[in-house]
Amino acid sequence: MSGLTRSFEKYIVFFLVLVCFQHAIGAYMTMLSSLSPSITVGQALAGISVSFFLLFSGNIILADLIPDYWIWMYWFNPLAWALRSNMLSEFSSDRYTPQQSKKFLDSFSISQGTEYVWFGIGILLAYYLFFTTLNGLALHFIRYEKYKGVSVKAMTENASEEDNVYVEVRTPGAGDVVQTKARGAGLPFTPSNLCIKDLEYFVTLPSGEEKQLLRGITAHFEPGRMVALMGATGAGKTTLMGVIAGRKTGGRIVGDIIVNGEPKNPANFSRITAYCEQMDIHSEAATIYEALVFSANLRLPPTFSEEERMNLVNETLELLELSAIAGEMVGRLSVEQKKRVTIGVEVVANVAVGALSCLFNLFSGYLLPRTAMKAGYKWFTYLMPSSYSLAALVGVQFGDNQDIIAVTSGNVTTNMTVAHYIEKTYDFRPERKYNFMAGLLVIWVVLQVAIYLTFKYVSHLKR
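Under the numbering used here, think of the first position of the sequence shown as 1, with each following residue one higher.
Honestly, the hints are just simulated from the structure, not real lab data.
Every residue gets a Cβ at the ideal spot worked out from N, C-alpha and C, and that includes glycine.
A hint or two may mislead.
Said to hold, decoys possible - Computed list of lysine to aspartate or glutamate pairs in EDC-like fashion (alpha-carbon distance at most 16 Å, straight line):
1) K237 to E200
2) K197 to E262
3) K197 to D256
4) K339 to E284
5) K10 to D94
6) K197 to E222
7) K338 to E328
8) K248 to E200
9) K339 to E328
10) K338 to E290
11) K339 to E321
12) K10 to E115
13) K338 to E284
14) K378 to D427
Said to hold, decoys possible - Cβ-Cβ distance ranges computed for the label pairs, FRET-style:
15) A450 to L125: 39 to 45 Å
16) A324 to F15: 31 to 37 Å
17) S270 to H220: 20 to 26 Å
18) I12 to G331: 29 to 35 Å
19) A450 to K378: 21 to 27 Å
20) G136 to K456: 40 to 46 Å
21) P266 to A450: 34 to 40 Å
22) V227 to I12: 54 to 60 Å
23) M416 to V227: 34 to 40 Å
24) T40 to F8: 43 to 49 Å
25) K378 to T238: 20 to 26 Å
26) L16 to D64: 26 to 32 Å
27) K456 to T40: 18 to 24 Å
28) T454 to I61: 31 to 37 Å
Input sequences plus hints: build the corresponding full structure.
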């Protein structure tokens, strides 16, 4: 909304209505999620609810034009209560004559008096308490999940019995991270060479035919090197990483995967490898420190003492610059912080080989500035949504910053403004921030159209 009355009283009422509406609609959506048996059903109910709230808010269809059998939706709608309260508050100000106020309110079928503003706020608060109560009852009495027994089958007959030994250790509190700081006191670590030779992967279609997804791939990954796996969409990057990591349970795999000169042993391969997927899956109720401690206690062999485990956790927190926020809940973290937690959960397993199946950060224009990229690789940045969002955010925050900073390049120190430094180093031009925002919208539209056309015309289940 814009052009509202500029007075302290009206602003407080406007802000209070927004806060009450936010809490009411948030409690309603939380209640839907508690009542839904799956995320698919919950998203469908949320989408339908939003459509009905907008349609019967009194703005798209006036209250006088709503049929009698749907008018209950108008009076139940939290959005309608918030909209009526704000309109009554706005048109009761001195900038409007009584005739103008009555004319504007009548055009939206609103005939109540100004005292109705506080009545609407009270209704929104009542909705918040009502939906929160229903949410609590749903969480207490409704359980959709069904627990099933898990059958564990040994991968190899000669697997060591020591792998099945569990040691009970105390789970330290988040405050313990400050007490124990040991730099360079990590666990014993053996670098590993990973080789793949003539790797092929086949999947079986519903028709019974085999389709080859990977064909004759040979590669060598040396210890101490970071390798970027690049390719077009659908080239098989994620499939290749899944086959190497042993995440593919179906299909037929042909070829050799060799670790330190020996064939890959599925029984202990997960002990020496880390695999971070694109989606960050964590318990939102745990802190960062608890997530890393939980991973270390589960994945490290029982031969390591509790002190060694905690030292590794603290080193990992320092390595990923998470020490300052180690006590934060995972559910409150940003996307970038969650990605660092995902990497940390894998690193504390003391792995020898790691894979990060995500190129968005590499070509976002920050880790590898666009000015430092070779001409043949710059086109990657135009396909990465993160490059547009990052450039737009930097342009908005620092585009007009004229503070002088000292920039050191070799033995030469140069004074320049923050805006000039951003433009020269990262090629983020502040005046083009709206172009980057438009680029994000274009990418979103293209993806939505592509998804729609895929669902409509493409079917992989050919019988």
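Verification of the hints:
no., hint, result
1, K237 to E200, "holds, 13 Å"
2, K197 to E262, "holds, 13 Å"
3, K197 to D256, "holds, 5 Å"
4, K339 to E284, "holds, 13 Å"
5, K10 to D94, "holds, 11 Å"
6, K197 to E222, "holds, 15 Å"
7, K338 to E328, "holds, 11 Å"
8, K248 to E200, "holds, 13 Å"
9, K339 to E328, "holds, 14 Å"
10, K338 to E290, "holds, 14 Å"
11, K339 to E321, "holds, 12 Å"
12, K10 to E115, "holds, 14 Å"
13, K338 to E284, "holds, 10 Å"
14, K378 to D427, "holds, 12 Å"
15, A450 to L125: 39 to 45 Å, "holds, 44 Å"
16, A324 to F15: 31 to 37 Å, "holds, 32 Å"
17, S270 to H220: 20 to 26 Å, "holds, 21 Å"
18, I12 to G331: 29 to 35 Å, "holds, 31 Å"
19, A450 to K378: 21 to 27 Å, "holds, 23 Å"
20, G136 to K456: 40 to 46 Å, "holds, 42 Å"
21, P266 to A450: 34 to 40 Å, "holds, 37 Å"
22, V227 to I12: 54 to 60 Å, "holds, 57 Å"
23, M416 to V227: 34 to 40 Å, "holds, 35 Å"
24, T40 to F8: 43 to 49 Å, "holds, 46 Å"
25, K378 to T238: 20 to 26 Å, "holds, 24 Å"
26, L16 to D64: 26 to 32 Å, "holds, 28 Å"
27, K456 to T40: 18 to 24 Å, "holds, 19 Å"
28, T454 to I61: 31 to 37 Å, "holds, 34 Å"
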